[in-house]
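Novice: If you want the building blocks of each chain, they are given just below.
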Amino acid sequence: MKTIRFVFALAISWFALGAFAQTPPYGAPISLENAKKAAAAAAAEARKNNWQMGIAITDPNGDLIYFERMDNTQIGSINIALGKARTAAKFKRPSKVFQDLLAKGDNFTYLLGLEGAMPVQGGLPIVMDGKIVGAIGVSGATGDQDSQCATAGLEALKK
Amino acid sequence: MKNRPMLTLEDCRKISAAAEAEAKKNNWIVSIAILDDGGHLLHLIRMDGASPFNARTAIAKGKTAAETRRSTLVWEERIKAGRNSMLGMPKITPVQGGLPIVVEGVCVGGIGASGVQSHEDEQIVAAGIKALGL
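Going down the list, the sequences are from chains A and B.
Residue numbering for the first sequence follows numbering that gives the first Met the number 0, beginning at 0 and increasing consecutively.
Residue numbering for the second sequence follows numbering that gives the first Met the number 0, beginning at 0 and increasing consecutively.
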């Protein structure tokens, strides 16, 4: 029974992460101009709601291209914003994927051992012309609110 | 109660834009980081073509200037003069290109640049601070 459960868990995890294997390829890093545009839109969304956020934009490797911290943002959010962006860049998927899988139960606690994977929503890959050009990470409010701002950042790049 | 001046995001954007303009004017490709008085990141840009190392170094220079309330050149020169023991202090980056931002006699943070020659990096951050119109 145990073996079956283990195999089942493996199958699920393979499905959960492996099924996303069709992620876009990595491309050239996002330009500073576009990074600023995305961050400005994320910050505008935060300001509109009276939230204070740290906003990080990285290249496809997870290295910083742009960062800004709104007035009175908690200091802890600096590295959290960067960590979320890094997660999205390095694993080619939203950081929420890890959060959701962990919430499913013990079968997914192994995700806590993945180096560089911060299982907290608010980090999204930035895809332009079908390629991952970087990632955005936002931190400062609740996970849902962080995600809302990160999404607003991505939306600005579609215009 | 004691009050202290603090850098706002608006201030940071102004400083960073002026520093970036100075770099662009000279065709320099750099990264520029602004940190608060505790050495925590407030704002960072990495210009197209600048390396991840430039970003890390810009942060390190700005952090050194913010935390020690001195230009990183001061540390570079003291070590060059033979005070190697300075390298045993809590982490500093003793390379020119980082300046403290001082308002009304209070250090409110630091700014660092990396990407070109050290004295040019300093020229960039100095132009940034100048934009505050202190």
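The set of hints was computed from the structure by calculation and includes no laboratory data.
Fair warning: there could be bad hints in the mix.
What the hints assert, rightly or not - Here are the simulated lysine to any residue pairs, SDA-like style, with alpha carbons at most 25 Å apart: (1) B/LYS23 x A/GLU32; (2) A/LYS36 x B/LYS90; (3) B/LYS24 x A/ASP70; (4) B/LYS129 x B/ARG3; (5) B/LYS90 x A/ASP62; (6) A/LYS35 x B/LYS1; (7) A/LYS36 x B/ASN26; (8) A/LYS36 x B/ALA20; (9) A/LYS47 x B/GLY104; (10) B/LYS1 x A/THR141; (11) B/LYS13 x A/LYS91; (12) A/LYS157 x B/ARG12; (13) A/LYS36 x B/LYS1; (14) A/LYS91 x B/ARG55; (15) A/LYS35 x B/LYS90; (16) B/LYS13 x B/ALA130; (17) B/LYS13 x A/ASN48; (18) A/LYS157 x B/MET46; (19) A/LYS36 x A/LYS47; (20) A/LYS35 x B/HIS39; (21) A/LYS36 x B/MET46; (22) A/LYS35 x B/ARG3.
Novice: Are the hints correct? Go through all of them and say.
Specialist: Quick rundown of the hints versus the structure:
1. B/LYS23 x A/GLU32: holds (13 Å)
2. A/LYS36 x B/LYS90: Between A/LYS36 and B/LYS90 the Cα gap is close to 34 Å, so the pair fails against 25 Å, i.e. violated.
3. B/LYS24 x A/ASP70: violated (30 Å)
4. B/LYS129 x B/ARG3: Given that 25 Å is the threshold and the Cα spacing comes to 20 Å, the pair holds.
5. B/LYS90 x A/ASP62: holds (22 Å)
6. A/LYS35 x B/LYS1: violated (35 Å)
7. A/LYS36 x B/ASN26: The given pair, whose Cα atoms are some 22 Å apart, holds under the 25 Å limit.
8. A/LYS36 x B/ALA20: holds (18 Å)
9. A/LYS47 x B/GLY104: violated (35 Å)
10. B/LYS1 x A/THR141: Given pair B/LYS1, A/THR141 is violated - Cα atoms ~32 Å apart, limit 25 Å.
11. B/LYS13 x A/LYS91: violated (33 Å)
12. A/LYS157 x B/ARG12: Between A/LYS157 and B/ARG12 the Cα gap is close to 24 Å, so the pair holds against 25 Å.
13. A/LYS36 x B/LYS1: Given that 25 Å is the threshold and the Cα spacing comes to 38 Å, the pair is violated.
14. A/LYS91 x B/ARG55: holds (23 Å)
15. A/LYS35 x B/LYS90: violated (31 Å)
16. B/LYS13 x B/ALA130: Status holds; Cα separation ~7 Å.
17. B/LYS13 x A/ASN48: holds (24 Å)
18. A/LYS157 x B/MET46: holds (22 Å)
19. A/LYS36 x A/LYS47: Distance of about 16 Å is within 25 Å: holds.
20. A/LYS35 x B/HIS39: holds (20 Å)
21. A/LYS36 x B/MET46: Judged against 25 Å, a Cα distance of about 14 Å means the pair holds.
22. A/LYS35 x B/ARG3: violated (29 Å)
When each numbered hint is compared with the structure, violations occur for hints 2, 3, 6, 9, 10, 11, 13, 15 and 22.
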